[in-house]
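Undergrad: Residue strings, one per chain:
There are 2 protein chains.
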Amino acid sequence: MKIPPVKGTRDFYPPDMARRNWIIDGWKKVSLRNGFEEYDGPIFEYLSMYQIKSGQEIVEQLFSLQDRGGRDLAIRPEITPTLARMINQQINALPRPIKWFSVPRLCRAEKPQKGRLREFFQWNLDIVGDGSGQADAEVIFTTLDYLRAVGLTSRDIRAKISSRKLLAAVLANIGIPADKLDPLYAVLDKKPKLPPETFQAMLAEQVPDADQARKILEFMSLNSVERIAELTQADEAVLNAVADLKTVFDVLKWMGVEEYCVFDPGIVRGLAYYTGVVFEIHDIAGELRAICGGGRYDNLLRDFGGPWIPATGMGMGDAVLEILLQEKGLLEAQVPKRQIEHFVVLADPSLLRELYRITAQIRSSGHSANFSYKAGGLSKQLKEAAGQNAQKCVILGQEYAEKKQLVVKDMGTGEQALVDAEQFLASLSS
Amino acid sequence: MKIPPVKGTRDFYPPDMARRNWIIDGWKKVSLRNGFEEYDGPIFEYLSMYQIKSGQEIVEQLFSLQDRGGRDLAIRPEITPTLARMINQQINALPRPIKWFSVPRLCRAEKPQKGRLREFFQWNLDIVGDGSGQADAEVIFTTLDYLRAVGLTSRDIRAKISSRKLLAAVLANIGIPADKLDPLYAVLDKKPKLPPETFQAMLAEQVPDADQARKILEFMSLNSVERIAELTQADEAVLNAVADLKTVFDVLKWMGVEEYCVFDPGIVRGLAYYTGVVFEIHDIAGELRAICGGGRYDNLLRDFGGPWIPATGMGMGDAVLEILLQEKGLLEAQVPKRQIEHFVVLADPSLLRELYRITAQIRSSGHSANFSYKAGGLSKQLKEAAGQNAQKCVILGQEYAEKKQLVVKDMGTGEQALVDAEQFLASLSS
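So the protein lines, in turn, are chains B and E.
Start counting the first sequence at 0; every next residue gets the next number (numbering that gives the first Met the number 0).
Start counting the second sequence at 0; every next residue gets the next number (numbering that gives the first Met the number 0).
No lab work stands behind these hints: they were computed from the structure.
Model, not experiment: these values are computed from the prediction.
Mixed in with the good hints there might be a few duds.
The list makes no distinction among identical chains, and a pair is therefore deemed to hold if it is satisfied within one copy or across any two copies.
Lysine to any residue pairs mimicking SDA-like chemistry, simulated, CA-CA at most 25 Å apart [as the list claims (entries may be wrong)]: (1) Lys408 to Glu196; (2) Lys6 to Gln60; (3) Lys245 to Glu257; (4) Lys6 to Lys52.
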């Protein structure tokens, strides 16, 4: 009976696991050094939790199930609803701002394709309790801090930043009624993925007035925050949103990542809950999906039954990132290879008990050790050691039988040294 | 709209996450030093995979779901079937013995109770490709290596070891037909959990012959491998199984963990796929469920469509372990507290840009740093730093404005030092 894995999922054999661990360890290290604390929630939640605010695309991609009491559950497709639930539960006990990160495993029932899997890992950063551009900038800086740490430069990636608040203010200024905004966002979000004519046709459907449509297109093609004011003639709501956005760009500049950041009004984001600054980081070649995306979602905690508390965050999946790092040659060079510190070799079969004793002592002193299960000759054991990328072979032979001495062979240089067994073990413990 | 978490799942707030990380990091570290390599599989598999060999109890507790094509899937309740599938897929490329570990998140739809949750983490160790007692002993040693490393001693825990092969041989010797074994195992497995009379009544149902039942009870109460031979009068199959078991005890003795290990024929294990040595580790007080359990499952890979390859393994959940460590006072003392290395304090508001620059540089040099979002006074910022358990405060004030010097305050001792800002930053990078 042979059963295949489910399509769109991954098996992590040890070399794949080493890559996954290297990526996730990097996410964790950079989160911690930027002052974020780690949290996590359950792999499934009540289905209704994702129906509140996640947006239609995510609801359609839920893996839903029932518990034995017939309650509807779903495997988490994102962790932000869990974050909102958890923070609301302890809202009075948590000092603010809450700077939290997580690396959840998420599942979405989408069609598997390049950079999109049914099961993936996603780095999440969130700052809850601060409404200023400082918090948005910290999220973007931390994200860039990671991407720089793994070797990506401003020649490789660009953080494209805009603001839902700005977009709303500009659209209001142009004369679009508030109740038309949500469907319009969905169209604007698709601009970078569509041929210009297709996009303009879709836009005309939402905005029949040609003058309004032209102004929207004009706004969408701006590449500097400064030029917005000209377009909207000093509308106060617009100026307000521009000021917020300028704070974000200023802090990012002072933090030293200005060259990575650009204003791009084409960034709208699909999720329904964004309210302010939004951003995506893309490969400059533009061949991949967004590496990550995020933004401000000031109403989400209130929508989940809590008080109104401003919040901003980011999510980065592992699939697109891994493709990019692979393409740039940054993966193989940096992911650590498997290594065993000591391979204990039995050159005299009568010393088998000592092999077990010494191996166990090396391990319990905190160092890695292996030995061969096959009662093979010396050269076979050395070959097995090399196959496991052992740094040193610790050989138990005549010298041990006679004088309790071990031959320690450096597998890199080939050099051998004779050492007293107990001294060797004692040196490992210290 | 307030939605609760699903019963039997856990929210990991940062202090809970610190405990979980400490446990899992310990599992990983000990696995690696014992020569195991990490792997993982998907969170769900085809439902049928768990119907092959997991046993009735697990099948009843599956969280099942369907993908959009209507295929039946299940969230993994254990990872051994995934391991078997993965190894079979690459059986010719993997050097043996295969020593693998994993720390999967697992879900079982059981009634939540002390030490049993619907979602938990389980440390898995497996050695595939070696049929000798050495491999069983390595699995048990590695498990004990972890439990000793976190501070449990032979006064706290006991590894109870037996053998399915031995049990089968003894039962055959007593005259139980082979087709009666599976239901009988299920009864024998319950012995430690039942009052003697209840157990004897259940046994009598399976084994109506009083003499046979008496012999089974006699075997089940043995506490030394040596006495088995007397009971069964040198039956060859029994002697064979005893020899295997003796190898395991011998290797464990040479590895230095003899005092933790005891022969206990009451260990049968619930899972359907065990074929040889089986073991469980229990708290000596006997107040908790088994901390872990495992054994040899030589037929599983063949049952999953691969070749016949011997295998042995172990699984340890986090829930019982955490309760035991908590009770023994080993948790709070060892789980690291949150700490921030540097809290950058703004004593002169005109230096805000420098606050951002210095914070960003500390972080990118690999050290953790935070700052206050609130434009509060010096004492408020120091209080916020203390709340985050900052080791040092880096104060930007008059000294910086005049001479580019930082006041570095050690939050433990209260001592302050004046240092050149660029030298300070350079020292962090080196």
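Undergrad: Which hints from the list above does the structure break, by number from lowest to highest?
TA: Going through the list in order, the structure violates hint 1 alone and respects the others.
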